[in-house]
Amino acid sequence: MNKFHFTCVIFCFLLFISCENPHVYKGSIPEGIPKKLLFFNGLDETLSIIDPENYKIYNNVATTEQAPNHILSRKDRIFITNSLSNSIQVFTYKNDNITQTGRIYLGKDLNPWMIISDGGSRGYIPCFVTGDIAIIDLDKLTVIDADPQTKEIIDRIPAGECPEGGSIINSKLYVANTAWSQDIFGFKKGSVTIINTSTNKVVKTLWIDDLSYIAGKGANPQSIIPFPDKKEAHVVCTGIQGENDGKIVIIDTDKDIIKQVLYIGGSPGWAGGAINHSNKTVYLTGVSGIQAYNYDTGDFFGKNYSGLGWYIWKGENSIMDFYSGIYYDRISDSLFICRFNKNTIMVIKKMENGKYKEITQMETFNGPQGNIIELPD
Amino acid sequence: MKLKNTIIGCLILIISNSLYGEEESSIPEEVEQIVITANKEPMNPGNTTAQVTIITSDQIDSMAARNAAEIVATVPGVNTASYGARGQSKLVSIRGSSADQVLVLVNGKKINTVQGGGVDLSLINPDTIERIEIIRGGMSAVYGDGAFGGVVNIVLKEGSNKKLNLAASYSFSYFNSHDVSASIGSGLGEEEIFDFNLAINGFYTNGKYDYYSSDYNEIISRENSDGFGGGISLDLGWDLIPDDKMRLELNSQIRGSKKGVPGMEQFASKNAEMEDLFTIGSINYSWMENMLGSIEFDFSFQHQLRHYSDPDWYLDPVDDTHKNNAVASNIKISRSDRFKFMLMNNSIGYSFRYDYLDSTAIVLKETEGESTMGKYSNSAFYRGDFHLFQKKTEDLYSLILSPSIRYDSVLTICQVENIERYENKFSWNAGWMINFDPKQKYLVKGNIGTAYHLPTFDDLFWPDTGFAMGNPDLKPENAFNIDAGMIIKPFTFISLELVYYRQLVEDLIQWTPGAGGIWRPKNIGNALLTGLETELKTLVDLSGISCFLEGSFNYSLLISRNRESGIAHNGMQLIYRPEHQCNVSITLNHYNGHSLNISGAYTGFRYLTEGNTKYLDDHFILNATLSVKLFEAFDFIVYGKNLLNISYIDRRQYPVPGFELGTKARYTF
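Respectively, the protein sequence lines represent chains A and B.
When the letters of the first sequence are read in order and numbered with the numbering used here, they come out as residues 1 to 377.
When the letters of the second sequence are read in order and numbered with the numbering used here, they come out as residues 378 to 1046.
Here chain A stands alone, though its shape is the one from the complex (with noise of 0.2 Å):
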């Protein structure tokens, strides 16, 4: 073999190796598993698996699209909703697989936050960008009122600026709309949209900020806790990220009034929130830490933090951690928390002396994210 024929065949090797495939990272369910966590890796686009009772995590089940933020769970169905790629996909949950079985195209320029769901087959969908709800059909997988032809929604609810979170209270949809202004760099007056959802018009738009509001440092209204029972819905109002200014407005729900409001510091979120209701203990996430509250007394729990508010846990930094989801597990009494920024899962138990200790942290992909659900057997 010359050097000729030798060069020749180093570089049919190199074309060779360069056309291998690419490995993915992607897991599986193992059978056997009583009870499972279900939560999205933000970053790394995936579903993963918690197993609660062995603190254990089954990473990339299933792949999402672009900037995944709500898992919306209902009968065997599982709606992811991803705010980048204005889509919604549908995976359906069955012998201990997740498969996608179905996607719904918004249409351009929505930025689609969550599912409310009506708990019939109506979906009611935020779009940040464009303040308005969307409303689709989670029984046909379509979009409700979309141009025929071009899929895209020609009718959505209008609602106000930069609407995230929601909820449906007794026919009535509540809309938190954060009002970020890209001009001042801050939050204008945020408001909550009220719907009527036999007729999906506005009644009403209740504004969060009241005189005292200071531009550019409006309330920031994220999410919207449902208390039927109570007639109340909380608007958890996260304020500026890192800043000692949230607080939680009640709503009388029967009146459509401001009831109440909790000063509980720090920049709370419920995006991905948890409730235990043998203690009435509303668990709310965000920066910083992991902040609580009685829903029926109003009460904060764990230290209020000099200038950074009422924490149960309290994380290092008030920037750069992020608390994003968080799932109350009856069984071992204990919290499971998303570490964004750490991409881990913590676990997290109540002691007798009332303290917080940790159990576990758990490794896991990038960006994990809430809110957490329980799939169902």
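Be careful, since some hints might not be right.
Unchecked claim - Which stretches of chain A does chain B cover? Using the computed rule of at least three CB atoms under 8 Å from a CB of chain B, they are:
1) 56-63
2) 104-111
3) 177-186
4) 359-366
Rather than coming from a laboratory, the hints here were simulated on the basis of the structure.
In this text, a Cβ means the ideal position worked out from N, Cα and C, and glycines have one as well.
Place chain B on chain A using the hints.
Frame of chain A; chain B shown alone:
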């Protein structure tokens, strides 16, 4: 161990033989300097320790490139990312670096801005380029801040050859795109002690094209990709002492463009516009062979303005202006000394640069127009080139050692945030080369050294916009580099280059989303980039058909691994870095000047997520160029880009066009 002993033995033998060498008749008179200065002789890969690729204007002509990015993309180890059609951004990466980690020079002057974001190579017209020098590998000891992944030096055409030269070209291609350029240069005066070159160019494109949507279910029209722009440059030279012994040059250049910015596929911006204006003026003075040695001095001023507006941005209208200004000056004193066994070239120098940014986006609104964000850089450097030689039988064996050290002291001030940052960086590099043959048929060479990259102003000071926010606590990125390669020319018609490299990066800066989805940059930890660059070139005379065949094939392997400890994706491939890349080019040149070039570029899959859970498919793009010489000085060119009409993307949500056809007429005298 055997190999190691052999290498050490060879080195000792060569050095000892050099010390006792008897003859010096074949000694090269001048050792080539690695330090790039404007418009000097091109670097020669066979006479410099750096891993360098030179692309000449003839090669550029044969590939009918539409911008500088298409030219550098053909080099092993280089990857470019296109954000869309003709006028949209094209950014370059070398050895797995980010665009910010590539130092881009035009005529030896740094054009990376202190604000960051990489240099957009789409705005540089290929017809104005004399040559491009691409140095692969970090080398802050020679170039300072930013030479982290490599250096791209674009040398523009000038009239310093003193002869009258005229050139003009016009090109028309798909998307109603028009390109025009013209230049004139000549020597002036009795002994042509003066010379000048004037060049002008312009382009227009409507940019509208169809593409398959990301789920490949429908064909969508990409709108708001139109643009126009142009530039003018004037260079004046004055030989104060003939034969370039003392020379004064004045260079000036203005170029600008206005284009639509179509935005992301799912969040299109139908009325967003971007205007760019780039101005640079410089004075270069050189006095060679004086009593000290040689003195080179230059002073330059540059102004880069970018105005972006989107009246229909979803949340609020956007209207921002960024003004990046820089004043820089360099002085270098070099001296060459010949000894019996060695030619020694030592250079010392001092550089000063002041970067200044005034931006309506990066400052708080209440201080708009009063922002002062500046960076003062003072640098001192030393570079040596020691050329040891021996004459044995009829072959010249030589060893070149090129040590470099550099000290940079940088003060960054942001008055709005009341921040002052001091950074003192010491960089070093040791290059070596053993040339086994006077015709440079067999040589091995390599480098070992450090590189660093300071955080950009966007990284440090970007205000909280609700989606992104800077981080003033960022540390500089640091790297330790090592590479070794060889160039072999076993036959007159074949040249083979093979390079292995390894770069260990610490404190890599990466923007990641944090609280509330706000993106912030942070030093993520360590990364390891290692790879192989190979290139095979051939030139065969086919006298039977009055042609010669020019061919090249290169393959690049890049293994880029996240080495951040304690995370699930430790050991996984970094995003957007293709593991495999190949370029192939075959040109059939007729003796009369006609030519046919067929080229292809294969880009391997690229992971999209840090967990390597998703990837972009690989693709192969085929291009062809037919050039017909109608008259002595007139060429007519027809070219096709992406002949197979492959749908692909370099960045998510930024589709690029498929098949394009174009024609070009060129007159050169």
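Can you confirm whether chain B covers the region 359-366 of chain A, using C-beta to C-beta distances below 8 Å and requiring at least three such residues? It holds: at least three residues are needed, and the region 359-366 of chain A offers 4 whose Cβ sits within less than 8 Å of chain B.
With a cut-off of 8 Å between beta carbons, are at least three residues of the region 104-111 of chain A near chain B? Coverage by chain B holds here, the residue count being 4 at a Cβ distance below 8 Å.
Against chain B, does the region 177-186 of chain A show at least 3 residues with beta-carbon separation below 8 Å? holds (count 7)
Tell me whether the statement that chain B covers the region 56-63 of chain A is true, taking a Cβ distance below 8 Å and needing three residues at minimum. holds (count 3)
The earlier numbered hints are all upheld by this structure, with none contradicted.
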